[in-house]
Structures are given as C-alpha cells and as structure tokens.
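Participant: First to last, the protein sequences are chains A and B. Residues in the first sequence are numbered from 5 upward in steps of one, following my numbering. Residues in the second sequence are numbered from 5 upward in steps of one, following my numbering.
Be a bit skeptical, because a hint or two may be false.
Unchecked claim - Here are the computed lysine-lysine pairs in the DSSO-like style, where the Cα-Cα straight-line distance is at most 30 angstroms: (1) B:Lys301 with A:Lys159; (2) A:Lys315 with B:Lys223; (3) B:Lys315 with A:Lys222; (4) B:Lys301 with A:Lys106; (5) B:Lys223 with A:Lys322; (6) A:Lys106 with B:Lys106; (7) A:Lys159 with B:Lys322; (8) B:Lys137 with A:Lys106; (9) B:Lys106 with A:Lys301; (10) B:Lys106 with A:Lys223; (11) A:Lys137 with B:Lys106; (12) B:Lys191 with A:Lys315; (13) B:Lys315 with A:Lys191; (14) A:Lys315 with B:Lys222; (15) B:Lys315 with A:Lys159; (16) B:Lys222 with A:Lys322; (17) A:Lys223 with B:Lys322; (18) B:Lys322 with A:Lys222.
Keep in mind the hints are simulated off the structure, nothing from the lab.
2 protein chains.
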Amino acid sequence: MSATVFSYTQLVHFTEQVFLSMGCSPVHAALATKTLLSADLRGIDSHGVARLSGYVRLWQAGRINATPNIAITHETPSTAVVNGDAGLGLVVAPFAMEVAMKKAENVGTGWVTVKNSNHFGIAGYHAMMALEKDMIGIAMTNASALVAPTFSVEKMLGTNPIAVAIPAGDQPAFVADLATTTAANGKLEILQRKNAETPLGWVQDQEGGHSTDAHILKKGGALLPLGSDREHGSHKGYALGSVVDIFSAVLSGASYGPWAPPFPAYIPLPDNMPGEGLGHFLGAMRIDAFRTADEFKWHMDNWITRFRAAKPIAGQEKVLIPGDPEREMTTIRLETGIPLVAAVLDDLLQVGKLFGVNL
Amino acid sequence: MSATVFSYTQLVHFTEQVFLSMGCSPVHAALATKTLLSADLRGIDSHGVARLSGYVRLWQAGRINATPNIAITHETPSTAVVNGDAGLGLVVAPFAMEVAMKKAENVGTGWVTVKNSNHFGIAGYHAMMALEKDMIGIAMTNASALVAPTFSVEKMLGTNPIAVAIPAGDQPAFVADLATTTAANGKLEILQRKNAETPLGWVQDQEGGHSTDAHILKKGGALLPLGSDREHGSHKGYALGSVVDIFSAVLSGASYGPWAPPFPAYIPLPDNMPGEGLGHFLGAMRIDAFRTADEFKWHMDNWITRFRAAKPIAGQEKVLIPGDPEREMTTIRLETGIPLVAAVLDDLLQVGKLFGVNL
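So here's chain A without its partners, still in its complex pose:
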C-alpha cells in the first residue's frame, strides 16, 4: 500500500489546528493532540490521527462538547468520580489521571472513574502519565459494542482495553496495553485495506459460526474475546472485558455494555441508555506506598533483564517485555516520520478543507 510520510511536528500542527477550529481551548487542543498522536508514535495507527475525522464527525453531530466543564462530582481520599461533560476523552482522561495521581500523593493510591466522556485514544498514554512520578499507572475504558461474549451471537462489549505502566530503573518502563479481545479492531481494519482474511479465532459470523472475513462486523458478525473460543479461554477474555465495562461505566454512571455510545457518528445512539456517555477507569499507585522506589526499580530491572534473557524458541523472535515494540517504534517515527495510507490521508485532507487547515 502506498503511504505518505509526515513528520510528527507536521501532524501535531495540523491536528492542533483542527481541534482549535472545533472550538477547543488552546490548552485542550494541545493536550488532545498529544494524547491522540501518542498512538501514531507508538505504532497503533488505528487509534491515532486516523481517528481525527471520527472525532470531528461526533462534534458535528453534537455528541462532543469542545468546551467541557470537566468536574469531580464525588470523592473520598482515594477515589473520585469525574463528569467529562461530553468532552473529548483525549482531555477528560488526562484530567482524571491527574486527580488519581494527586490522591496517590496524599494517601498512597488514587482511583477515578469517569462518566459522560468520549473515546480517549490509547489507554497506554494515560497509564504512562504515572511513570515520571514513580507511580504505577492503570487505565481502562469501555467502548462501542463490537465483541460477542462466549456463547453469544449479540455484540455486548467493546474491545475494552487495559493498560498498566510500571516504572523501572535503568531499564525502560514495563507498559502493557491490551484490548481484551483476541485481535484489536485496528488489526481488522489493516486486513480490510489489504482485502486479506483474518486467522480463525478473531471473529465470528452473524450466527456465531467460524469466519475469516475481515469485513464480518458490517455483516452482523462480532470480534471474539481474548481466548477465541470456550476451549481456549474466551470466557476469560469476556470476564476481563466485563470488568473493564463495570469499573469504567457501571461504577461511574456512564452507559455500559451494548448501550455504550458508538464511535461512528452515523450510528444512532442506543435507545434507553442507562448512563451518560462513555466511561473510563484510571488508577495510580505510588511505588513508595509499598517499598522504596529505589528498591522496587532495582527489582524491576532484575525482572526485565531476566525475562529478556529467557531462552527463545528456535526461529522465533527474542522474548519481549510489554512496551518494547511501541517504544522502538516511537524512536523510529520521531526520526523518520509517520506514514499515512492513502485512505487516511484523503480523510484528513477532507477534514482540513472543512476548517481551512493545510496538512
């Protein structure tokens, strides 16, 4: 596939102008841009600038408030509920993570659940905010229902990611960021563009049968929970995705399960939504609320070094630490730029035209 390469700075400038044109404050436009493009830097192309037009369309549909009054509506020393006021998740979630970290400073840990928000980009960005403060960061979100629980034909859950960022010493941080499905939706999108089939175990058809059709979601099919089928533990992926849904949305008062608001603006909101908007769950744990940061980091380095040295299977890659591929991609893309496939570029040019912004 042909791709045009843009520097990170070019995409930052363009994206910021778009958010400003939507009416975001300069601070929010800069933050939303940084959050969104962290996905492109980390190589998670489905969640970065490729989604910008989606946010614009949600704003056009009146589902995103560009000037939200993001506020704490309930709190205890270690917890809070944040109302995102229908703002961009890209700015609502960092607000909530700051609250969590402040609480962790005060009482050891902080846990914040968020309602009335929108798509927050990659979970890893929010979890990683904790690293520079010597805290462990945790981030989850619910999302549009694309996933069928074990034994279900119906789509009931989003790809509901879990991210955990853990500081180390001389070694780079441990950063896990995973959809609770076998394959993230972004991987399907890549196969769709190539007109290629999925491996067995990624999706099911409209009757719950086996499928390798990368377009099956548009035909009533569904993504499968991590584990693929009952025999290989799909009930575990389903349970993990459910925990993310409940922590993010039932605990906060957001709309959960099959009622989660869809990302594509052309899909109508579900009837009888039981809560407000999308939900997130953010956590921060101060390392020295458990043991000294120096001691902990020494052992994390030891952990990472030992795992990296695990004997690899002949002919396969070496054993990786969660976060390795994304960190390496960030280095590459900051140096050589971010490639955009033609479909994404066309989409961005349309967005630029709408607001009179050049890419």
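Using the hints, position chain B against chain A.
Facilitator: Below, chain B without anything else, positioned relative to chain A:
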C-alpha cells in the same frame, strides 16, 4: 473414573484436624479449612482438598510455618505490605484482605501486597470476602513457574490468577476468577488421569513446539499464556500474568518470575531467590466511594440481566455471567456432597494416617 462422595462437613472436620495436627491454632485451622474447601464447593477440584497433602509436605520440608506472626511492615492510608512469615497463604491472604477492607472503610479503597506467603487456595475466595461489605474485591497471586511467555522456551511465570468480585442487588454477585493461561493446570491434571490429550494451544513441548501431551510439563514443556500463540494474543496473557507477578511479588518483596517458590515440596527452592516466599495482591474498593450502593446494585442487576438475555448461538449454552457455574456447583455440592477421585482419596488417607486422623 470412580469417585467417593463426602459431605462438606466431613471434609471440613478432617481438614481442620490435619491443620491442627500441623500445629495451627484453632482459629487458623478453621480459616485455612474454609479457604481451602471453598475450591471444592465451587468445583475447582484442583485447588481444594486435593492439595492438602501438598501443604503438609511443604510443612514437613520446613517451608510452611504453622504458627506465623503475620504483620503489616509498611503502610499508608490506602496501602499496606504484609509479611506472611512463611504461613499458609490460606490464612495470610484473608488477613491481608481484612487490612485492605479496613483501609477501604477509612479512605475509599485499600491495596495490600503480601510477601513471604505460600499458596493461597483460590483467588476468588479472597475477592469474595469484600462482597458482604458492599465492596468490590480483587485478588491475585504469583505461583510456581509453569508458563512460557510468548516466544520463550523457558517457564517464567505461574498461572497467576486474577479474581474480581462485584456485588449486585437481586442478582447474584459477578465473580470472575481466572488463571492468566489458556487452561489452568488443574485441567491438565484431569486429562492426565484420563490419559487424554489436550486441545492444541494449551501447552508447548520442551522446544516450544506444538503439543497435545497432558504430561508435557514433566518433559520440559510449558503451559501457554491466555491467547495460546502470538497470532491469537498470547502476548496479552503473558502481559497480564506479568502484571500479577509484579503486583504480587516485586511490589511486596516476595520472590518473582522463575524464582517463585515451587508448590511441590520435592522440587528444591530456586537459587538466588530475589525475595521472600510467594506474593499476593489484594484490593478492596467501597462501592459508595464512587456512587451509592443502591444505585450501583440496580445497574449491576440491569447489566447482569441484559447479558444473560443476550441471544445465544444456536446449539450452544446460554450466555453465562462470571461466577454462575461455580455458584450452581456450590448449591449442588452442599446438598449432594463432594466427590473425590481415587488418587485424591488415597492421598488424603495417607495424610490421615500420618496424623492419626480418620476421614
């Protein structure tokens, strides 16, 4: 397979006598029994009374202290580190969970990491302690290394379970309790007894190749992380198992990764253990630290009812809520008793003989 059925009360009496004979206090013997047998009631036969002889052998080997001085060694308002003093995890983990719940009462949530412990039975038991206090309970533990990370020949992680218990209203509680592997070790043990093969994707051989041999762990093979292979997301199961290891053992000062102390007493302790004993991580979140318990429970009932009503795949089971099968099994086994296969019964009779206790 032939099985002999015992009432729950019979097994309680026998198990308690065994723990008392090891020198446990009456309070500890009763608690350890309740924790251990919760597995048999819930149908997780691999983690219940079938393990009693394993605990006895660890005690004989001097690796379990029957009269531990379990103590908090560090704390903040929302966190604590507990030193289990080499006690039974079956009593150490409930102590730690009580500390977590006390902290949740005070500041909204409580998070306790534990070092110098031993196998704690099923994670679900500890998580479920939170339910009656209108709290969400979380429990994790690291364990003997039986699992190969993605691309690794070497076994680096335990089956490292995650349990999350969430209260509901009229509906029974949501209780997820899952090993972060495709199949728990207990499922292998069942196949071993039947001389049956495993499905593909549960285990790998000593070179990291495909295997369906249920005995492969004794031949240098390994269990696979949830996801089975890279294409189906095994890097996610590996990341989740790693998070459990780090929260349970690196954060607490227990021995982590391939250095986790093995459960079978005949396996020597690893050289250069970087910490003390096994580690656990327990968490409690007060529901009303986020929203009123009544409101939350109404929405959990709504969540559960909607998921149960999801359209099922023709010819398959109805859609289940995590915890459904275990709760139904508990009802059955309290009424009709707990079946023990011949190998387990023989083992228990040997233990009984050792201490002069009749089953």
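Participant: What's the verdict on Lys322 of chain B and Lys222 of chain A, does the C-alpha distance respect the 30 angstroms limit or exceed it?
Facilitator: holds (24 angstroms)
Participant: Take a quick look at whether Lys106 of chain B and Lys301 of chain A sit within 30 angstroms of each other, Cα to Cα.
Facilitator: Holds, at about 29 angstroms.
Participant: For the pair we were handed, Lys315 of chain A and Lys223 of chain B, check the Cα-Cα distance against 30 angstroms.
Facilitator: holds (16 angstroms)
Participant: Below or equal to 30 angstroms on CA atoms is what counts here, so check Lys301 of chain B against Lys106 of chain A.
Facilitator: holds (29 angstroms)
Participant: Mind checking the alpha carbons of Lys223 of chain A and Lys322 of chain B for me, to see if they're no more than 30 angstroms apart?
Facilitator: Holds. Lys223 of chain A to Lys322 of chain B sits at ~23 angstroms (cutoff 30 angstroms).
Participant: Lys222 of chain B and Lys322 of chain A were given as a pair; does the straight-line alpha-carbon distance stay at or below 30 angstroms?
Facilitator: holds (24 angstroms)
Participant: Next pair to validate is Lys315 of chain B with Lys222 of chain A; report whether the Cα-Cα distance is within 30 angstroms.
Facilitator: Measuring from Cα to Cα gives roughly 18 angstroms; hence the hint holds.
Participant: Lys106 of chain B and Lys223 of chain A: Cα distance at most 30 angstroms?
Facilitator: The hint is violated at about 50 angstroms.
Participant: Next pair to validate is Lys191 of chain B with Lys315 of chain A; report whether the Cα-Cα distance is within 30 angstroms.
Facilitator: With Cα atoms ~26 angstroms apart, Lys191 of chain B and Lys315 of chain A stay inside 30 angstroms; holds.
Participant: Mind checking the alpha carbons of Lys137 of chain B and Lys106 of chain A for me, to see if they're no more than 30 angstroms apart?
Facilitator: holds (27 angstroms)
Participant: Would the pair Lys223 of chain B and Lys322 of chain A pass a check requiring their Cα atoms to be no farther apart than 30 angstroms?
Facilitator: holds (23 angstroms)
Participant: Between Lys315 of chain B and Lys159 of chain A, is the straight-line Cα distance small enough, at 30 angstroms or below?
Facilitator: holds (9 angstroms)
Of the numbered hints listed earlier, the single one contradicted by the structure is hint 10.
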